[in-house]
Each structure stands twice: as structure tokens, then as C-alpha cells.
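Colleague: Sequence:
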Amino acid sequence: MSNIDNDALTIHQKDRHGIPLNAEVNKDELIRDFITPTEKIFHRNHDDIVQIPKASLNAVEEEWRVSITLDDEVAKQERIGSWVKSLPSILIPYGDLLHAKGKCKDVKRIRTTATLECAGNRREDLSDQEKTEGIQWSSGAISTAHWYGISIRDLLIQVGIEDPYKHHKDLFSLQPSESDIAKDCATWATGLHIHMLSAQPTSESDQPTGEYFGASIPLSVAMHPQQQCILATHQNDQILTQSHGFPLRAVIPGHVGARWVKWLRGLRISTKPEDSPPMRLDYKLLKPPKDASEEEKNAWKAKISGEEKDEDFRKAELSKEEPMQTLGVGSAIEEPKSDSNVSLDSGKITVRGYAVGQDGSQIAKVEVTVLAQNEEQERLSSLRDRAESGRKDQWIQATLQTDTSASRSNENVSWAWSLWEAQLPVPSANKDNGSACFAIVARATTTSGVEQEKESDWNVRGFNTRSWPVIRGLRIDESQK
Numbered sequence: 005m006s007n008i009d010n011d012a013l014t015i016h017q018k019d020r021h022g023i024p025l026n027a028e029v030n031k032d033e034l035i036r037d038f039i040t041p042t043e044k045i046f047h048r049n050h051d052d053i054v055q056i057p058k059a060s061l062n063a064v065e066e067e068w069r070v071s072i073t074l075d076d077e078v079a080k081q082e083r084i085g086s087w088v089k090s091l092p093s094i095l096i097p098y099g100d101l102l103h104a105k106g107k108c109k110d111v112k113r114i115r116t117t118a119t120l121e122c123a124g125n126r127r128e129d130l131s132d133q134e135k136t137e138g139i140q141w142s143s144g145a146i147s148t149a150h151w152y153g154i155s156i157r158d159l160l161i162q163v164g165i166e167d168p169y170k171h172h173k174d175l176f177s178l179q180p181s182e183s184d185i186a187k188d189c190a191t192w193a194t195g196l197h198i199h200m201l202s203a204q205p206t207s208e209s210d211q212p213t214g215e216y217f218g219a220s221i222p223l224s225v226a227m228h229p230q231q232q233c234i235l236a237t238h239q240n241d242q243i244l245t246q247s248h249g250f251p252l253r254a255v256i257p258g259h260v261g262a263r264w265v266k267w268l269r270g271l272r273i274s275t276k277p278e279d280s281p282p283m284r285l286d287y288k289l290l291k292p293p294k295d296a297s298e299e300e301k302n303a304w305k306a307k308i309s310g311e312e313k314d315e316d317f318r319k320a321e322l323s324k325e326e327p328m329q330t331l332g333v334g335s336a337i338e339e340p341k342s343d344s345n346v347s348l349d350s351g352k353i354t355v356r357g358y359a360v361g362q363d364g365s366q367i368a369k370v371e372v373t374v375l376a377q378n379e380e381q382e383r384l385s386s387l388r389d390r391a392e393s394g395r396k397d398q399w400i401q402a403t404l405q406t407d408t409s410a411s412r413s414n415e416n417v418s419w420a421w422s423l424w425e426a427q428l429p430v431p432s433a434n435k436d437n438g439s440a441c442f443a444i445v446a447r448a449t450t451t452s453g454v455e456q457e458k459e460s461d462w463n464v465r466g467f468n469t470r471s472w473p474v475i476r477g478l479r480i481d482e483s484q485k
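Numbered according to my numbering, the sequence shown spans residues 5 to 485.
These aren't lab readings, by the way, just hints derived from the structure by calculation. In this text the structure is predicted, and so the values were computed from the model without any measurement. One should not assume that every hint holds.
What the hints assert, rightly or not - Listed next, with one range per pair, are the computed distances between beta-carbon atoms: (1) 341 - 190: 42 to 52 Å; (2) 55 - 381: 39 to 49 Å; (3) 109 - 187: 29 to 39 Å; (4) 332 - 11: 29 to 39 Å; (5) 190 - 349: 54 to 64 Å.
A virtual CB, placed ideally from N, CA and C, is assigned to each residue, including glycine.
Whole structure, please, built from the sequences with the hints as guidance.
Modeller: Here is the structure:
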């Protein structure tokens, strides 16, 4: 397809039409631009891309409709208020969303800059502890774009749903962290969820009638004044491409990519989270019992995914966990690459990468250090430990490029990554012995003071890898010895 740059991507899987289903951005391409060009944005799909004929946009405007409904359990709850009982099932044509007409005439339109990241990004790093399931993503299952569309918050208020934050005088000052949302949201909205329903059938269904992809977030998140959740019609100032959800996708800043539902056909308010197959069978942190012995942990792993795999046992373990919503503070090193020769400039090497914040808090600093390796394939965890125990003055603070776009409605809230660059001196041992390997370690901290965790917990599916990134196996270029 003309809107996909195959040369910029590492393609892990294609569909039957040869279109990338699962592909990440190559390291030498990922951080060239603060805003990822549409043709280079990563791809993550559980099933084939939904094909919507785009020959006649006018036809799509009339025929593609988005429903807004309530579960029966919600309508029955007296504590919710009278607005529930008067809310009909609503169908909104895509054309109304696209052109802000009809029921969307007075609904706020938002342009936000936000980073989209797969829950499995950097999975291969976690596999250094122990092999994980799934595509072994490097650090390229992440992209940043301008998104434009209808405010979900304003749309729900427009159709008659009460604002759960209306009791606050200053909506602008509310912060979108999990703890602040729980504190600031009206009691009636606690425990409610908004389902985002896709037109994409899922092959992972274990139900005889079949199911479609769907995901949910708390209603308190969807309606938070600073969260900027939108029904996006545009990406990087162009109408969405087929591969990225045309005609409509959800944009849920700060949340895992699985919540950014593509080919969106409906919104539903419910007392329960959405439980489509990917939500109940996949996007969960499946870990061995914390206090179990090594023997017990190995037995658990064998029943979950090993030679003694027991599907009923696995489903029972999955049912104990909640689906992933957000990721913590993270970062990655994109240049140089592991196991490469590096050039020196005045005795230093240039290191570049990206970092992402948490709960709308932007990155305040990225620190980078370099250390000689004890052995050529020293474990990542060992290198992190040695970096932590080294002298504090060996950590160099990187220069940051952050989001300064005019679309930010609040200077204290940012949903975009930061790009960073640092110049590091090479250890003296490596200057004297160019055949010796050295490594680079980085870590990030947000403006709220939240620090990136040194080591993420291993889990079966390899989700939520937020460990300090490590590049190892580096050597000085032969010509500079």
C-alpha cells in the first residue's frame, strides 16, 4: 500500500493481501522525527485489517454509524440519576463526526499530540530474563502522531450523560493520574466503564457465535477534562488510513495501544469491563505466584504454557487478573545498536533514544551512563545492577526534545514522548583495548518525580517492559584505535 513505508519497518507478520499486520519501526528510523510520519507508524493487529471501501467517502459518511448504548444493569441503578432512563440508543453517522454536524454540531473537536505504544513493546528485553510468548518486539512498537477528532467527553455530555466532574469549579487544574481521578470523580461514575467496540471480527474467540474486538476504559477516564480521549477521524492532519483504523478509531492517551480501538462502531456504558477475547485471554500480566518455591513456579509455568499446558488452568489464572490499562515511565536507546562498532568524536560517543512519561506527566530528565562489560554477553540485569551501584557522577544528563505543540490545552499535561541525546566518554579500559566490549544504560524521570523502574517483573506474555534500557556489545571502530 502506498501509505506504508516497508523499508522503514521490520515486518513480523503480513495478512493474506501482503499488508503488514504486525510491524515495528526500525531503530535507524524511529527517532528521526518527533512526529512519526504516517507511513512509518507501527502496526499491531490480532486479525486481518477491516477493509472499508474508500472509493466513495460520501457513502462511508452515511453508511458507517456509531452507536451509543447503555447496558441494562446501568439503566437499573437508581444511584446513577434520571439521565440514564432518558438516554435512548443513539446512532451517529460518521459524516456527523467528520464534519461536526447533526448531533455533533456543538461537540468540541480536539487536536492532540499523543504517543501510541504497544503493551508488548521491548518484549525481547524481558526475554533476556526468560523467554516470553508472542512477537519479540524490539523498541519500535511505538509512534507519536497528531490526532484530531471528536471529544468523547463532550460527545457523552451532549447526548445526555452527566459530567462526573461538574462539581469542580476549576476543571483545568484537575490532573489525570489514577489517584487524582479516583479522588475527583463523582461517586456515581465509580465502577462504570465505557466499551469501545470494533468492526473487526476476532479469530481468538472461544464462543460458538463468534465475537468482535473491543476494549474498555473507566468512564471516569473517558470523561476526564484533561485526558483528551477522542474519536479520531484524522492522523497527522490527514483522514485515517485503512491500516490505522479508517474511518474511526479511539485515541486514549497514556493507555496501552490495545485501548485505541480501530474501525470503531460503538460506545457502550457498562458496569463491567469489556471482555472480548484479547481482553480476557491476552492483555493481562500473567506471573508465577510470588511466594512460591522455584519448583512450584516451574510447575506453574509448565501448566500455563509448557509441555503440560492446561487451557482450563490458564483461563482460570487469567480470570484472576485485570486487563492492562496503562504503562509506566519508559525509555529506550535507539543509537547506537547492540553489538556494533561505534565512532568517537573528541573521545565521546553520541547516544540517542526516546522516553515516555506517565499519567500525563512529561519527562523531566533522562540520565545515561557507560560501563565496561565483564563479559561479552553479560546479562541485562547485571549491567543494570552495576550501573545503579556505580558513582552518581558517572550518569550524564541528556538533552531533551519535548512536546511544545500549540495543541496542548494544559502546559502541565503532555501525552507525547520526549526524544533525547547525550555524549558519553568511553571507559578508559576500552580506549586502551578496542576489542573489549562496553555497554550503555539509561533511565528516565517525569516532572512529577516518578522514576523509571530498574527491572520489570517477568510475565508470560512479556508485557509492560519498563526496565532501564541497555545496549551492550559495543566496540570502538577499528579505524579509531
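Colleague: For each hint, tell me whether it holds in the structure or not.
Modeller: Now for the hints, and whether the structure bears them out:
1. 341 - 190: 42 to 52 Å: At 50 Å between Cβs, range holds.
2. 55 - 381: 39 to 49 Å: Hint holds: Cβ distance 45 Å, inside 39 to 49 Å.
3. 109 - 187: 29 to 39 Å: 34 Å, holds
4. 332 - 11: 29 to 39 Å: 32 Å, holds
5. 190 - 349: 54 to 64 Å: 57 Å, holds
Every hint from the earlier list agrees with this structure, and none is contradicted.
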